[in-house]
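Given the coordinates of chain H, assemble chain C onto it according to the supplied hints.
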Amino acid sequence: MKLRAILGYTAAGMTVLVAVLVPFLLMGVFSNGVAALPLHVDEVYSGGPTARAIQMGAYSINIHRPVTPHFLQSEKPFVQLDWTPVSTLPPHVSDVVDVDGDGQPDLRVSFDVPQDAKAPLRVDVEPLNPHYLPMRNVGKEGFSRLIARVDNSILVRVPLAHP
Amino acid sequence: MATNACTPHFTPASPRGLLRSLLLTLPMAIWSVLMGFHPGTSTDPKALLAAAVTAIFMTVLFFMMMRTGTTYRWRRYFFVTLGVLFPIGFIYNMVLARGTMGIPMEEMIAGRTPFCFLAIPLLIVPAALTRTIVFPGSITASGHAIGVMVGLWLAMTLVLGKGWCAYACFFGGIEEGMAAVPKRAKIRKLDPRWRYGPWAVLLAMVLLSLALFEPAYCTWLCPFKAVTEYVTARNAIGLMQNAIFIVLFAGLVIVLPLLTKKRTQCSFFCPFGAFQSIFNKISIFEIKIDRTRCHSCSVCQNACPNLSLSKESIARGEALMSCMKCGACVDACPRQAAVWHIKGTTINWKPERARLMFLYAAWAMAIMFGGSIIASGLFTIIHFL
Numbered sequence: 004m005k006l007r008a009i010l011g012y013t014a015a016g017m018t019v020l021v022a023v024l025v026p027f028l029l030m031g032v033f034s035n036g037v038a039a040l041p042l043h044v045d046e047v048y049s050g051g052p053t054a055r056a057i058q059m060g061a062y063s064i065n066i067h068r069p070v071t072p073h074f075l076q077s078e079k080p081f082v083q084l085d086w087t088p089v090s091t092l093p094p095h096v097s098d099v100v101d102v103d104g105d106g107q108p109d110l111r112v113s114f115d116v117p118q119d120a121k122a123p124l125r126v127d128v129e130p131l132n133p134h135y136l137p138m139r140n141v142g143k144e145g146f147s148r149l150i151a152r153v154d155n156s157i158l159v160r161v162p163l164a165h166p
Numbered sequence: 007m008a009t010n011a012c013t014p015h016f017t018p019a020s021p022r023g024l025l026r027s028l029l030l031t032l033p034m035a036i037w038s039v040l041m042g043f044h045p046g047t048s049t050d051p052k053a054l055l056a057a058a059v060t061a062i063f064m065t066v067l068f069f070m071m072m073r074t075g076t077t078y079r080w081r082r083y084f085f086v087t088l089g090v091l092f093p094i095g096f097i098y099n100m101v102l103a104r105g106t107m108g109i110p111m112e113e114m115i116a117g118r119t120p121f122c123f124l125a126i127p128l129l130i131v132p133a134a135l136t137r138t139i140v141f142p143g144s145i146t147a148s149g150h151a152i153g154v155m156v157g158l159w160l161a162m163t164l165v166l167g168k169g170w171c172a173y174a175c176f177f178g179g180i181e182e183g184m185a186a187v188p189k190r191a192k193i194r195k196l197d198p199r200w201r202y203g204p205w206a207v208l209l210a211m212v213l214l215s216l217a218l219f220e221p222a223y224c225t226w227l228c229p230f231k232a233v234t235e236y237v238t239a240r241n242a243i244g245l246m247q248n249a250i251f252i253v254l255f256a257g258l259v260i261v262l263p264l265l266t267k268k269r270t271q272c273s274f275f276c277p278f279g280a281f282q283s284i285f286n287k288i289s290i291f292e293i294k295i296d297r298t299r300c301h302s303c304s305v306c307q308n309a310c311p312n313l314s315l316s317k318e319s320i321a322r323g324e325a326l327m328s329c330m331k332c333g334a335c336v337d338a339c340p341r342q343a344a345v346w347h348i349k350g351t352t353i354n355w356k357p358e359r360a361r362l363m364f365l366y367a368a369w370a371m372a373i374m375f376g377g378s379i380i381a382s383g384l385f386t387i388i389h390f391l
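Keeping their order, the protein sequence lines are chains H and C. Here the first sequence stands for residues 4 to 166, numbered as in my numbering. Here the second sequence stands for residues 7 to 391, numbered as in my numbering.
FYI, nobody ran anything at the bench for these hints, they're computed from the structure. Keep in mind it's a predicted model, so treat the numbers as computed, not measured. Wrong hints could be hidden among the right ones.
Said to hold, decoys possible - Below, simulated DSSO-like cross-link-like pairs (lysine-lysine); rule was C-alpha separation at most 30 Å, straight line:
hint, chain 1, residue 1, chain 2, residue 2
1, C, K287, H, K5
2, C, K317, C, K356
3, H, K5, C, K349
4, H, K5, C, K356
The following block holds chain C by itself, in its conformation from the complex:
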């Protein structure tokens, strides 16, 4: 293990100049305006105000990333805002359309259930074997249709890999916000075997979805049904399903993040997160640990919200495949040993350039997808105010 503190490449991150930061932010400012006010955008003054606030918010956060040279904190502001505003906008739209958060059978029969990306890994095997999509939606009929959402996910996954879970997922922000509340974790020792939880849930749910011919995770285990929509309980089984959603939400999304300061639902449970990890293998951006600088202090490991660093992986100089590229380890490392990296390049060669390239791609996606959700949530709030 190398312990030299004074390697020639050791240059503590320093803030950028104001002008340079502004110049680097300019493309994202233009992109924010483009995404918020593209042709076809509502001309309702409330919608325009929501879009303007969103564009400014996303641009300011990107500017702060450029100015400070740090990522995690600013990304977290965006992500928590996304996690909080998504249910507000979504529930409002559901209640407006049907008067309830429950999905009535009529809506399922009509194929009007909004498609959620969490169902994607559950649909693949039944679709491959029987050409049947086991989801009560439609393939093309609306903006929430299966084809549109899968297409969007495919395109964004090409760009982000597992970064989806830190820049696009509209659920993870709630637990990330909860994890940010306490100053210190009450539970600090977490059995590393919990990391296999999402893979176990993924395998079980894929097999169960094939056997029962329904999106089993959505029907039985998704904690976020508690804050979005659920199948209207018609009998004792329906009541039990809804009780499971609430218990899992309370436990994995509220209580455990407060106790551990980790994204416990993502780390221990989310099958989509496990599925998305596979795409980290094709993503060109990654986090590496420069062994010539690393002191094995475990600061990065403790900072990781997703248990994506272990002693073994640090010794190998890399994050685990579940790394969602949130930048927490890079920002936390006191010796700049954790670095952004482009595959194929040498580890300590211009990591800031790798960070910039990743952030331009990831933030563009965040503005396009998350920005529209934030604007929708803001619109709802402005509407009520």
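Next up, chain H with everything else stripped away, as it sits in the complex:
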């Protein structure tokens, strides 16, 4: 019983010590530990890693790896294309893009680039390959079907007909 009491008090003292160490040491140790875990944010949000980039003169198009939603997720599979940097884009963009890198055009993507960064964006996507679904005058309908300005890029997510 006495041993248990000694252990109890030792643990209580350690708890007070831990509390003092949290802001100086432990918080950083735990945060770095969590960050070091092999985890990634769901690609439905992040858009997945960039697979390759196409240089289009003053700007480039980053093509991401196709994203397949999980299980019952309501979004469709999609591929994300980034036009970047926004400052070098013409007032109207209409590009034919070879998404899968097979040398054949897959999509024609058209949108206006307003001066006002907060102005709503609209995009038309004409598929030249049946693997992709069309979009007409689409804004932000869902994570798999949108055009959005994020920092210095304009992202277009095109839904896939087949994952």
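Just chain C now, kept in the frame of chain H:
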């Protein structure tokens, strides 16, 4: 059941002397200054004023705990202040950054959604099975990043256990404040089966989060979206989600606490509270009922804001695992039968020492985490004044 009113250990709590109380408060006063004015703190006079007021506020409350020998009332002043000032500071920062309380899709895609600890239990299973975090934030990029917040929660949970819900949660203060408003509860009989509510919500939300691959509680049920941030409604479903947030907030955080004088959202609904209860098992501090003093008057049971005492648990001499160590039962018991306790020690051996050790740890956390939030809210108010 023991009913002896004159056990040798029966010593009613008496106020401490002024000098002793001041001496006991000194470490917390130093800690308050250290946390409020550490290197890197803003030198803006308004921020410094907010930090100074916060440091004084937290130190005075701790002094009153030492002086009076009671905990709940002073902790509640802190907790309600935290609950009120958090949305003020948070909303101001959100509106400043994006012009709205709604999270636009662009911010979610960019991984700039501030991470909230309520999502932690929902992320564990999808992360374990697929290595994917189903939250539109970033793991390391900012002070509100997932890694930072989870690290902070882990460290604080080691110290507090379920005490998180009474010393750190920046939401619970709103309903605790509401519960403090009426003199008497209008609804006094609460079905004890409601205690299982948070566990049911936790189980449902963990499974739903895995199935839908989204933080389902945050998307559909969190009442505090009404006073922090919500996904911008783009369609009828979004509108419905926002309506649910408002109805749950009004019902569980405003109306029911006013009627029951309990923290109803925490007691009946909060899945994070249920999850946090598990960590009470590893916490060294707990509340015990000394059966040699207890008269089974149920004063402690009625005082508990969280339904964490039942007739059965009192008969066993302990609080339920949902106990958040707020001290309400200890302060309310007329016979000092409800006591602070360190696991492994005998029940009636120096409970005040156990209380002191817990309070030093818990208040240090409260100053570090809650204090910074209070200072941020105060800064916002001073800024507008």
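Status of the hints after comparison with the structure:
no.	hint	result
1	K287/C <-> K5/H	21 Å, holds
2	K317/C <-> K356/C	25 Å, holds
3	K5/H <-> K349/C	12 Å, holds
4	K5/H <-> K356/C	15 Å, holds
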